[in-house]
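Asker: Residues per chain, in single letters:
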Amino acid sequence: MIEFHLDPRSGVAPYLQIVQQVHQALLLGLLSEGDQLPTVKQVVATVAINPNTVLKAYRELERDGLAAAKPGVGTFITRSLGQASLAEQAPLRDELEEWLKRARAAALSDPGIQALFHRALRESAERDT
Amino acid sequence: MTAIIQARQLAKRYGQRAALSNCTLSVPSGRVVGLVGPNGAGKSTLLKLACGMLAPSSGTITVLGHRPGAGSAQISRVAFVAQDAPVYPALSIADHLKLGARLNPRWNQAYATARIADLHLDPAQRAGRLSGGQRAQLALTLATGKQPDLLILDEPVASLDPLARRDFLRQLMQDVAEHGTSVVLSSHLISDLELVCDHLIVLSASHVRLTGDVERLTATHHRITCARRDPATLPAGLHVIAAEHTDRQSTFIVHSDTPPPKGDWAIDPVGLEELVLTYMEHDRGRDPGPGGDSAAADQDSADQGSEVAR
Amino acid sequence: MIWLTWRQFRTQALAAVAILAAATIYMLVTGFQIRDAYNADEATCSRPQSQCVLLLNNLQGAYTGPQQLFQLLLIAAPALIGIFWGAPLIAGELERGTHRMTWNQSVTPARWLAVKLAGVGLAAVATTGLLSLLLTWWASPLDQIAENRFSSLVFSTRNVVPLGYAAFAFSLGVALGLVTRRVLTAMALVLAVFIALQILFATQIRTNLLPSTTVAPAVNSALLSRAHGIDSPAGGDGSVYVFQPLPAGDWIQSESAIEDSSGRVISDDQVGSCLNNGPTSLAAIGTCLAPYDLHIELKYQPADNYWPLQWAETGIYLALAVLLTGSAFWRLRHHHD
Numbered sequence: 001m002i003e004f005h006l007d008p009r010s011g012v013a014p015y016l017q018i019v020q021q022v023h024q025a026l027l028l029g030l031l032s033e034g035d036q037l038p039t040v041k042q043v044v045a046t047v048a049i050n051p052n053t054v055l056k057a058y059r060e061l062e063r064d065g066l067a068a069a070k071p072g073v074g075t076f077i078t079r080s081l082g083q084a085s086l087a088e089q090a091p092l093r094d095e096l097e098e099w100l101k102r103a104r105a106a107a108l109s110d111p112g113i114q115a116l117f118h119r120a121l122r123e124s125a126e127r128d129t
Numbered sequence: 130m131t132a133i134i135q136a137r138q139l140a141k142r143y144g145q146r147a148a149l150s151n152c153t154l155s156v157p158s159g160r161v162v163g164l165v166g167p168n169g170a171g172k173s174t175l176l177k178l179a180c181g182m183l184a185p186s187s188g189t190i191t192v193l194g195h196r197p198g199a200g201s202a203q204i205s206r207v208a209f210v211a212q213d214a215p216v217y218p219a220l221s222i223a224d225h226l227k228l229g230a231r232l233n234p235r236w237n238q239a240y241a242t243a244r245i246a247d248l249h250l251d252p253a254q255r256a257g258r259l260s261g262g263q264r265a266q267l268a269l270t271l272a273t274g275k276q277p278d279l280l281i282l283d284e285p286v287a288s289l290d291p292l293a294r295r296d297f298l299r300q301l302m303q304d305v306a307e308h309g310t311s312v313v314l315s316s317h318l319i320s321d322l323e324l325v326c327d328h329l330i331v332l333s334a335s336h337v338r339l340t341g342d343v344e345r346l347t348a349t350h351h352r353i354t355c356a357r358r359d360p361a362t363l364p365a366g367l368h369v370i371a372a373e374h375t376d377r378q379s380t381f382i383v384h385s386d387t388p389p390p391k392g393d394w395a396i397d398p399v400g401l402e403e404l405v406l407t408y409m410e411h412d413r414g415r416d417p418g419p420g421g422d423s424a425a426a427d428q429d430s431a432d433q434g435s436e437v438a439r
Numbered sequence: 440m441i442w443l444t445w446r447q448f449r450t451q452a453l454a455a456v457a458i459l460a461a462a463t464i465y466m467l468v469t470g471f472q473i474r475d476a477y478n479a480d481e482a483t484c485s486r487p488q489s490q491c492v493l494l495l496n497n498l499q500g501a502y503t504g505p506q507q508l509f510q511l512l513l514i515a516a517p518a519l520i521g522i523f524w525g526a527p528l529i530a531g532e533l534e535r536g537t538h539r540m541t542w543n544q545s546v547t548p549a550r551w552l553a554v555k556l557a558g559v560g561l562a563a564v565a566t567t568g569l570l571s572l573l574l575t576w577w578a579s580p581l582d583q584i585a586e587n588r589f590s591s592l593v594f595s596t597r598n599v600v601p602l603g604y605a606a607f608a609f610s611l612g613v614a615l616g617l618v619t620r621r622v623l624t625a626m627a628l629v630l631a632v633f634i635a636l637q638i639l640f641a642t643q644i645r646t647n648l649l650p651s652t653t654v655a656p657a658v659n660s661a662l663l664s665r666a667h668g669i670d671s672p673a674g675g676d677g678s679v680y681v682f683q684p685l686p687a688g689d690w691i692q693s694e695s696a697i698e699d700s701s702g703r704v705i706s707d708d709q710v711g712s713c714l715n716n717g718p719t720s721l722a723a724i725g726t727c728l729a730p731y732d733l734h735i736e737l738k739y740q741p742a743d744n745y746w747p748l749q750w751a752e753t754g755i756y757l758a759l760a761v762l763l764t765g766s767a768f769w770r771l772r773h774h775h776d
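Chains A, B and C are the protein sequences, given in the same order. The letter at position 40 of the first sequence is residue 40 when you use my numbering, and the numbering goes up by one with no holes. Count along the second sequence starting at 1, add 129, and that's the number in my numbering. Count along the third sequence starting at 1, add 439, and that's the number in my numbering.
Simulated from the structure, these hints should not be mistaken for laboratory data. Hints are supplied without guarantee of correctness; some may be wrong.
As the list claims (entries may be wrong) - Under 7 Å between C-beta atoms, here's a sample of chain B residues computed to sit facing chain A:
#	residue
1	R295
2	L298
3	D304
4	A306
Unchecked claim - Each computed EDC-like pair below joins lysine to aspartate or glutamate, with the alpha-carbon atoms no more than 20 Å apart:
#	chain 1	residue 1	chain 2	residue 2
5	A	K56	B	E410
6	A	K41	B	D296
7	A	K56	B	E307
8	A	K41	B	E410
9	A	K41	A	E3
10	A	K70	A	E60
11	A	K70	A	E33
12	A	K41	B	D386
13	A	K41	B	E307
Said to hold, decoys possible - Counterexamples of contact, computed for chain A against chain B with all Cβ distances above 10 Å:
#	residue
14	L27
15	V47
16	A48
17	K70
18	A90
19	L96
20	L100
Please read these numbers as outputs of a predicted model, since none were measured by experiment. Every residue gets a Cβ at the ideal spot worked out from N, C-alpha and C, and that includes glycine.
Full structure from sequences and hints, please.
Answerer: Spelled out as structure tokens, the structure:
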């Protein structure tokens, strides 16, 4: 059973942090298809957060197709991001390193790169919703 | 969504001093509501008005559809834990549970006993010997044991050490997860409440400054950073709450119902703490500012804006 | 709420029971002793009056110590009740903030106050009542000998008045506690007010509760043959007094010096011929003085007024208690929290 750790200062909404941590667990292979996510009560017993936050995170995961709720039992992972996505990641990683080389060549500092990246990420997320 | 607390122009005066002025708000049920404000803002007053310990000087307040404190049926549905969790020092923990069982029409003795056991508290221990955190837990047990529809907590974690604070909030959230109780808790530190609240009320100098669902508040407020400019030149639909100017740069905190348009500026989200501070600093002297589901806020949303030039 | 009131009051109740038990045992034992001694003395006493009086006075003197002690206990009891049962009842809760917890356990403030008042108030009156009953029974032979039922310390520690004091002191403590919200302040105020009222009653009020009877018996041989003596006290202003025998249970409130028919106090030189040079027996002095048309003025309450006076004083204290209780409820209603 995985545990969540929330950081109120990170600037990321709490429910998103949970979603990200589930993604991370899937990537690391800590969670796989068929595994049960901790129940709302279990999460709340370890981290003092609003139960609705957990519900919202789980609904988001359901929307992404990563999890499904079985009424009366719990929420279960329906898809792995395991080996397949690790393979998908390699070309993405290469492209990213190319881009970084070009950004540095354009005299962009590391903080500048981060700011640019975060803005683009946020704007693209807003476009999708 | 039914409103669990509804206040209209609620005010409380002590002689010349106004503890609470012109307070209009509507709190939806099923929420964990954070009541934030500096000391002396009127938080305790508002909470005591909500549970019937005080009578209003003017205006009205209804809780669960009825006047607070009107008869023991109403009192049994609203639980209140006062600041510093007072308990009877000479009585044991078990005695306190007995108190709860005898005085309340609805009391879950099994739940209360199990909770005390989970907290590793000795029922025979006298309440006077408990630490601050343990006292707070006992008071919370007495409150949740009577199975209320609404739980009101006045600065429940203010005098607790960080460990006790975390344990208390965890226990509280478990109770909410299990019973779906609506909760209103006050604090003068937003950081205590950030992770547990989904609805916010900001009080300052006896007035309500801001009220609404946390999600909606964070979604509709943004920080706009740009070259120095007059706020009036910003697109319509962006209501400026606060502005700061240096010789080169202007930073605005704006409220906008729709996502702000792209332009010659950077748009960033505003954290909850910063939002609360911004509203507290700006003396609006009137009713709540923008809020998600507050009825009065909808009336007010057309009328915003105050500017602080530095 | 009844359980809670009992649970909070438990220690004080047990202390009171312990004191009552000790007092009862002691008083029962010595009380029967006194009665036995009294009956024995009465039996041997059908002979000369003076010897009788001596014997009984000795008996009374023997128990003066315990009598004073118990009277002190009985006058202290209402004050202590007001201080330790009344003042903390509400002030203790308000000071600590526990009333907010209890009010939230589905108890209305009015019911909370009512049960506390009734429960502990009843205990207060019952405790004092029992103590008064004990002391009145215990001291009754001694009181008969001393014939001083109306004197302050005796009047206020017998029969019904202590109940009135207890009800008053208790409700005073509660009302003051509600207003001051501080236990120590309320305690101090209760003591001060209770003592002040007791003094006021003893010196001013009690004598005027019921109308006194005034008589002006003439100074003649009939009066003086019953008297102990007639004299003008040395170092005085020259006025002359007749020393009357102790009245059988009446309460002499004032006794004037000898006055003439116009109400002026005479001086000893005016009647010097009768007092110093003339006859030696009191009856003869009386005959000598008769032509001067003198009288003394006596203001007194007859013995029969004892019970009406007890009820009147109790009634006033009870009325005050009711007023204080009512004001406590009013205050609670209008100044919550």
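Asker: Could you run down the list of hints and mark each one as holding or not?
Answerer: Right, here's what the structure says about each hint:
About 6 Å separates the beta-carbon of R295(B) from the nearest beta-carbon of chain A, less than 7 Å, and the hint is met. Residue-level restraint check for L298(B) holds (minimum Cβ-Cβ distance to chain A is 4 Å; threshold 7 Å). Contact between D304(B) and chain A, as hinted, is not supported at the beta carbon level, the nearest pair being about 9 Å apart and thus beyond 7 Å. The beta carbon of A306(B) comes within 4 Å of a beta carbon in chain A, closer than 7 Å, and the hint placing it at the interface holds.
Our distance criterion of 20 Å between C-alpha atoms is broken by K56(A) and E410(B), whose separation comes to about 32 Å. Straight-line distance between C-alpha atoms of K41(A) and D296(B) comes to about 14 Å, which keeps the hinted pair within the 20 Å bound. At roughly 17 Å between alpha-carbon atoms, K56(A) and E307(B) fall within 20 Å of each other, so this suggested pair holds. Distance hint between K41(A) and E410(B) is unfulfilled; the C-alpha atoms sit about 38 Å from each other, more than 20 Å.
Distance restraint check for K41(A) and E3(A): the Cα-Cα separation of roughly 12 Å lies within the 20 Å cut-off, and the hinted pair is therefore satisfied. Taking the CA atoms of K70(A) and E60(A), the gap is near 15 Å; set against the 20 Å cutoff, the hint holds. Taken as a hint, the K70(A) and E33(A) pair is honoured in the structure, with Cα atoms around 14 Å apart against an allowance of 20 Å. Under the criterion of a C-alpha separation no larger than 20 Å, the hint pairing K41(A) with D386(B) is inconsistent with the structure, at around 34 Å.
Of the supplied pair hints, the one linking K41(A) and E307(B) holds, its CA atoms being roughly 7 Å apart against a limit of 20 Å. The beta carbon of L27(A) is kept farther than 10 Å from every beta carbon of chain B, the shortest such distance being approximately 25 Å. Not every CB of chain B lies more than 10 Å from the CB of V47(A), the least distance being 7 Å, so the non-interface label is violated. Taking the minimum C-beta to C-beta distance to chain B, about 4 Å, the non-interface status of A48(A) is violated against the 10 Å cut.
Chain B leaves K70(A) outside its interface by the beta-carbon criterion, the shortest separation being 18 Å against a cut-off of 10 Å. Remark: the non-interface label on A90(A) is consistent with the geometry, its nearest Cβ contact in chain B lying 32 Å away (cut-off 10 Å). With a least beta-carbon separation of about 23 Å from chain B, L96(A) lies farther than 10 Å from that chain, consistent with its non-interface assignment. Every C-beta of chain B lies more than 10 Å from that of L100(A), the closest at about 22 Å, which supports listing it as non-interface.
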